[in-house]
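J.: Let the sequences and hints guide you as you build the complete structure.
Quick note, this note's numbering runs 4 ahead of the 1-based positions in the sequence shown.
Lysine to any residue pairs mimicking SDA-like chemistry, simulated, CA-CA at most 25 Å apart: (1) LYS51 x CYS121; (2) LYS165 x ALA145; (3) LYS59 x SER105; (4) LYS56 x SER139; (5) LYS63 x GLY131; (6) LYS56 x ASP166; (7) LYS46 x ALA141; (8) LYS51 x MET120; (9) LYS55 x GLU163.
These are computed hints drawn from the structure, not numbers from a lab.
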Amino acid sequence: MGKVKVERSEDADESVVASGDVTIKEEESYDDKLIFVNAIAKPMAGKKLAKKCYKLVKKAMKHKTFLRNGLKDVQTPCARAKLVLRDPCLQANKKYTHIFSSICIFAGDVTPVDIMCHLPAVCEEKGIPYTYTPSRADLGAAMGVKRGTVALLVRQNEEYKDLYDEVKEELSALNIPV
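T.: Laid out in structure tokens, this is it:
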């Protein structure tokens, strides 16, 4: 058995479409995705800011070392930032300056919440701007993978500096709940 190629003629009637021969996958709207968001997912990125974040992730994906995904990869640079803040010698070292010039993007529909509820507090402590987006599947799609991701850390690069600065400015303007 092999693939069967089906060609549609121009005069195909609507009954063929209604019978299920053609499948159309409908995209969920932004508001529909907000239904599945956890209680701790604040500050939530608006529709426009979420689109800008996804675009930033797509551009950062071209440079593998400037994008970290997954809990462990995001958590490790944040933990290093704690050491850098304590030691003035490390603060002068250019090797660690990339930690403070980064943005965290978290998925809002993560279950169980316990696996990542500590990360926003770490970001606030280190001064790293962060936001939540409604869907982890969308974060994964922005990276170009089929699997969703829970957390992303995007570092600054010269090729997407304008978009990065714009997103960072908007993230700094978001109200972080206490």
